[in-house]
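**Student:** The residues making up each chain are set out below.
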Amino acid sequence: MTLSGGLTRPGERDRPVIKFMEVDWTFCLVLALIAGTGGLMLFSIAGASWEPWADRHLLRFGVYFIIMIALAMCDLRWWFNAAYPIYVVGVLLLIAVDLVGDISLGAQRWLQVGPLRFQPSEVMKIGLVLALARFYHGLSADRARMSWWLLIPAAMIGVPFLLVAKQPDLGTAILLGATGGAIMVLAGLSWRIIAAMGALAAVAVPPFIMFGLHDYQRNRILTFMNPEKDPSGDGYHILQSKIALGSGGLLGKGFGLGSQSQLNFLPEKQTDFIFATLAEEFGFVGCFGVLFLYGAVIFMALRIASISHSHFGRLSAAGVTATFSLYVLINGAMVMGLAPVVGVPMPMLSYGGTVMLTVMVGFGLVQSVRVHRYTEVTSGKGSLV
Amino acid sequence: MSEPSIFFFEVNERQGVFHRRAFLLGGFTGLGLLALGGRLAQLQLVEAQRYQKLSAGNQFNYRLVPPPRGLILDRNGVSLASNRPNFRLMINKDKDLDAEAVLTDLAKLAPIDEARRNRVLKELARAPRKAPVVVMEDLSWEEFSRINIRAPELPNVTADMGEVRVYPFGGAFAHVIGYVAKVSDRDLKAAEGDTTQDQELLHHPGFRIGKQGVEKAFDKDLRGRAGATKTEVDAQGRVVRLDPAGDIPPTPGKEIRLTLDADIQNRALEVMGDESGAIVVMDIRTGDLLCMASAPSFDANRFVKGLSGAEYKALAEYERKPLLDKSLTGTFPPGSTFKPTVGLAALTAGIDPEIRINCPGSWYYGGRVWRCWEKGGHGPQNMHDAIKNSCDVYFYQTSLKVGPDAIANAARAMGFGQLFDIGIPGQKKGNVPDRAWKKRAFKKNPANQVWFPGETPSYGIGQGALTVNALQLAVMTARLANGKKALNPRLIKSVGGVEQPSGAAVPDLPFSQEHLEYVRGGMAAVANDVRGTAYRQSQLGLGDVQMAGKTGTAQVRSYDGVANRKGTGTIWRLKDHNLFVAFAPYDDPRYAVAVIIEHGGMGGATAGAPRAREVMRVALLKDPEIRARIERPAPLPEAAPEDIMEGAAPEDPVEGAAPPAPDVAPIPPTTTPQGGPQ
Numbered sequence: 001m002t003l004s005g006g007l008t009r010p011g012e013r014d015r016p017v018i019k020f021m022e023v024d025w026t027f028c029l030v031l032a033l034i035a036g037t038g039g040l041m042l043f044s045i046a047g048a049s050w051e052p053w054a055d056r057h058l059l060r061f062g063v064y065f066i067i068m069i070a071l072a073m074c075d076l077r078w079w080f081n082a083a084y085p086i087y088v089v090g091v092l093l094l095i096a097v098d099l100v101g102d103i104s105l106g107a108q109r110w111l112q113v114g115p116l117r118f119q120p121s122e123v124m125k126i127g128l129v130l131a132l133a134r135f136y137h138g139l140s141a142d143r144a145r146m147s148w149w150l151l152i153p154a155a156m157i158g159v160p161f162l163l164v165a166k167q168p169d170l171g172t173a174i175l176l177g178a179t180g181g182a183i184m185v186l187a188g189l190s191w192r193i194i195a196a197m198g199a200l201a202a203v204a205v206p207p208f209i210m211f212g213l214h215d216y217q218r219n220r221i222l223t224f225m226n227p228e229k230d231p232s233g234d235g236y237h238i239l240q241s242k243i244a245l246g247s248g249g250l251l252g253k254g255f256g257l258g259s260q261s262q263l264n265f266l267p268e269k270q271t272d273f274i275f276a277t278l279a280e281e282f283g284f285v286g287c288f289g290v291l292f293l294y295g296a297v298i299f300m301a302l303r304i305a306s307i308s309h310s311h312f313g314r315l316s317a318a319g320v321t322a323t324f325s326l327y328v329l330i331n332g333a334m335v336m337g338l339a340p341v342v343g344v345p346m347p348m349l350s351y352g353g354t355v356m357l358t359v360m361v362g363f364g365l366v367q368s369v370r371v372h373r374y375t376e377v378t379s380g381k382g383s384l385v
Numbered sequence: 001m002s003e004p005s006i007f008f009f010e011v012n013e014r015q016g017v018f019h020r021r022a023f024l025l026g027g028f029t030g031l032g033l034l035a036l037g038g039r040l041a042q043l044q045l046v047e048a049q050r051y052q053k054l055s056a057g058n059q060f061n062y063r064l065v066p067p068p069r070g071l072i073l074d075r076n077g078v079s080l081a082s083n084r085p086n087f088r089l090m091i092n093k094d095k096d097l098d099a100e101a102v103l104t105d106l107a108k109l110a111p112i113d114e115a116r117r118n119r120v121l122k123e124l125a126r127a128p129r130k131a132p133v134v135v136m137e138d139l140s141w142e143e144f145s146r147i148n149i150r151a152p153e154l155p156n157v158t159a160d161m162g163e164v165r166v167y168p169f170g171g172a173f174a175h176v177i178g179y180v181a182k183v184s185d186r187d188l189k190a191a192e193g194d195t196t197q198d199q200e201l202l203h204h205p206g207f208r209i210g211k212q213g214v215e216k217a218f219d220k221d222l223r224g225r226a227g228a229t230k231t232e233v234d235a236q237g238r239v240v241r242l243d244p245a246g247d248i249p250p251t252p253g254k255e256i257r258l259t260l261d262a263d264i265q266n267r268a269l270e271v272m273g274d275e276s277g278a279i280v281v282m283d284i285r286t287g288d289l290l291c292m293a294s295a296p297s298f299d300a301n302r303f304v305k306g307l308s309g310a311e312y313k314a315l316a317e318y319e320r321k322p323l324l325d326k327s328l329t330g331t332f333p334p335g336s337t338f339k340p341t342v343g344l345a346a347l348t349a350g351i352d353p354e355i356r357i358n359c360p361g362s363w364y365y366g367g368r369v370w371r372c373w374e375k376g377g378h379g380p381q382n383m384h385d386a387i388k389n390s391c392d393v394y395f396y397q398t399s400l401k402v403g404p405d406a407i408a409n410a411a412r413a414m415g416f417g418q419l420f421d422i423g424i425p426g427q428k429k430g431n432v433p434d435r436a437w438k439k440r441a442f443k444k445n446p447a448n449q450v451w452f453p454g455e456t457p458s459y460g461i462g463q464g465a466l467t468v469n470a471l472q473l474a475v476m477t478a479r480l481a482n483g484k485k486a487l488n489p490r491l492i493k494s495v496g497g498v499e500q501p502s503g504a505a506v507p508d509l510p511f512s513q514e515h516l517e518y519v520r521g522g523m524a525a526v527a528n529d530v531r532g533t534a535y536r537q538s539q540l541g542l543g544d545v546q547m548a549g550k551t552g553t554a555q556v557r558s559y560d561g562v563a564n565r566k567g568t569g570t571i572w573r574l575k576d577h578n579l580f581v582a583f584a585p586y587d588d589p590r591y592a593v594a595v596i597i598e599h600g601g602m603g604g605a606t607a608g609a610p611r612a613r614e615v616m617r618v619a620l621l622k623d624p625e626i627r628a629r630i631e632r633p634a635p636l637p638e639a640a641p642e643d644i645m646e647g648a649a650p651e652d653p654v655e656g657a658a659p660p661a662p663d664v665a666p667i668p669p670t671t672t673p674q675g676g677p678q
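Protein chains in written order, with the numbering used here: chain A, 1 to 385; chain B, 1 to 678.
Be aware that a few hints might be false.
[To be verified] Coverage of chain A stretches by chain B, computed from C-beta distances (three or more under 8 angstroms per stretch; other residues unrestricted):
no., stretch
1, 170–181
2, 196–209
[Claimed, not checked] If we take Cβ atoms under 7 angstroms as the criterion, some of the chain A residues that face chain B in the derived model are:
no., residue
3, Gly188
4, Ser190
5, Phe284
6, Val285
7, Cys287
8, Gly289
9, Val361
[Claimed, not checked] Calculated from the model, a selection of chain B residues having no Cβ within reach of chain A, i.e. all distances over 12 angstroms:
no., residue
10, Gly30
11, Glu47
12, Arg50
13, Pro168
14, Lys189
15, Arg440
It should be emphasised that the hints constitute simulated quantities derived from the structure, not laboratory data.
Think of the CB as a built atom: it goes at the ideal place given N, C-alpha and C, for glycine as much as any other residue.
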């Protein structure tokens, strides 16, 4: 092909047109399909109305899509240089939210800056991935496997984890911790340490659940263990979600005909439990299709990570993929009654701007990794920092 | 460029590790997605049916629709108990119901005072979950629509239209028909596990259960079968959509037609005034009860709404006992109204009625003086005179000749001492004493088991241990007047259109026609002989239609040594009972009437007879044949003798019944009887 032949010329890949062509458009199409399905479901549960969710959902996707493409154009070296500053700003914002943040639903998560109202924990999801990738970029395989150097990434994960958990937003904290852990594993963490950490978690989690959690958090977990105990109380969410899913059957009740969501039996139908709405109206076939799309996104993102020539590119793309995968798996398991109710939405499908923005910014980074896969990234100064 | 910090082999190694680990994590994610898919398959393919059922259970609700209660009509189709629409306000108990707040909101739309508020809160606390509790009944249309418009803001509130029982005549039929009331806990317990009863219907707040009389005895016939409306509801229980195709219509209860006549019954209650007692009217040919009134009465409609404690107390504690049905449950000594029966017993025993017994005003027997009510005495009396004058001395002596067992046999044949199957409970059969009864009654006292001769004279004038009820008196009179059949009374004409067996299909009386005719003659003299005990009070004023009757006075206490028997100035509960029985027309008996005025004073003529006359007039005027006979122009002096002959024709019952007089047919039977010629 003429184009690929031309790409071998020095400087050719820095041309904006070429960069634009290098964006993974199949990937973008799949994202649009998922977001479109989300819009469709939001249209349905509003009683066949664009108001109040579907129109805004699709509009947001359009705006965030442009942001994603713009970020994909940004040189990977820019990302590399911005990694630590973003992380530091993120930590500072988390500290700020602890001091002056708004209280909503009993947790301090929101920060108001001028007209903007946002959750600093979302900034941290990108910031942590970038910072860890940057750190491991300069760390040798030996040190990444097992050394005292690993205390640094552990601290980088620990600080935001504790700050977010203190808000309290256990779902996001776990997401941050798990993403960080995934990057450490990908970077080559010794299996011995992985096994030791796993064992430590197995020992530490049960007492933590009993004594380290707020009542509502503990109740959610206990309810999950035995949802039929109080079907109208704490078990209501899980039970109604399962009814919505199961009653969908193979082909579903039909578009706009899901009684569980239309008649409000399903709680949080437009956000956390939108997958149950989908399952009710489009059945097993519809769910399987959407899960397939999510699988495709994850597969393509991982592939982008693995073709990158820079370690920073690999780890940051894989880190974003890990965050995304965790969203899908945790929300899916929760909706299907396999995990306790935690406030984790289904990315791109659920209504809600913050998570969608985070995910799209993350995919902007992934696309940038793809566009700049041959770019040589160096710290320019030395092995560390 | 500076010296590379990481050497090539290391870069290679890091890349290799990443690829292996990325493959691994990707694999884990894929497994996770597969697990989700598997779970989906389990829920949506394997267990789909179970969840579809649960989902439908969430979505659809069947709301019970109580059936309209069956109507109760009189013999002409006049409604005695019907239903009227009722706008109700209810609160459904729900897990997140804030009753205080809801009631505060409702108070802005409907008048809910502090007492009602507290009662509703108490009932809500007791009610089972999801059960509706009635806040108010009989809302005005304005209140009803005001609340219905705001229904979306009041999720647990329902305002609907139900039906409530209404008794158009208030008190006139209260004892016969009874009333309906809220289902009590005891009713619920009694019905528990009974598969013939709809338990859900019993728990419906709009449902009422029959508590007395016909409403209770025929409760299950009157109830009908509940229907249901299928509604689609949302999670808050609000109705989103009705699904008329899925509705099950309720089956109305059966219509019950009584033999009573609303006009006669109303007149009966009217003429009772403040007195306490009962009036029973019976059709002599069929046994149908045209009137069964008990006074004083109460408004049955008050019981439907629920009586306040004070109201109930006032009713229960009033000495004239309005809650008691005196036509069935009140038993009294029949007094002189028993004399025709004693006369029949004597005739059957072979005593010659023409033998005269002298009445000097008193008679000495068994060591004491037996007084006649006429202090001066009646002189020599045969049976005809004795009935006409109600001579006590004659019957003292005659009863001694006959003996208690023969009197008891005659009394039973006339219907005393027995219960009649008229469809409603609460009859007391009274007591017909004889030798066998004495043995039973005084089991523990052998000395008293023998029948003392001194008991018989009292028995002969209807006193002593003898007690009867008003219905039995009417039956006795009807049998006597009918002259042939041992007629049984009937109250329920038809249930759901099915005619109930008539009281006329019964065996003949064990008395000879001759004897019955003789006694009837005595009774005719009571009302029509100028010297009869109730002559003045028995004139119907209906042409040649005449009444025959018998007065009665039943002592409440002994008058030995106490002079004032007339009752003036005596307190009410110590006065004599006043009775009167009659039938008319004398020449062709159609209707029998029995009147008991509790503590009405001495002499059946004073209180009983005028009332019997008034009620009898209504009954006669409602009968088209009798009316035709009355309205026939009186024969002019110069009229042809055939006219007189024709007018006398109905005197022979056989001829009078078969060929109707030429001017009978054109008279419509719809003429209002109550306003008849006074």
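**Student:** Of the numbered hints stated previously, which ones are contradicted by the structure, given in increasing order?
**Tutor:** Of the numbered hints, 1, 2, 4, 6, 8, 9, 10, 11 and 12 do not hold.
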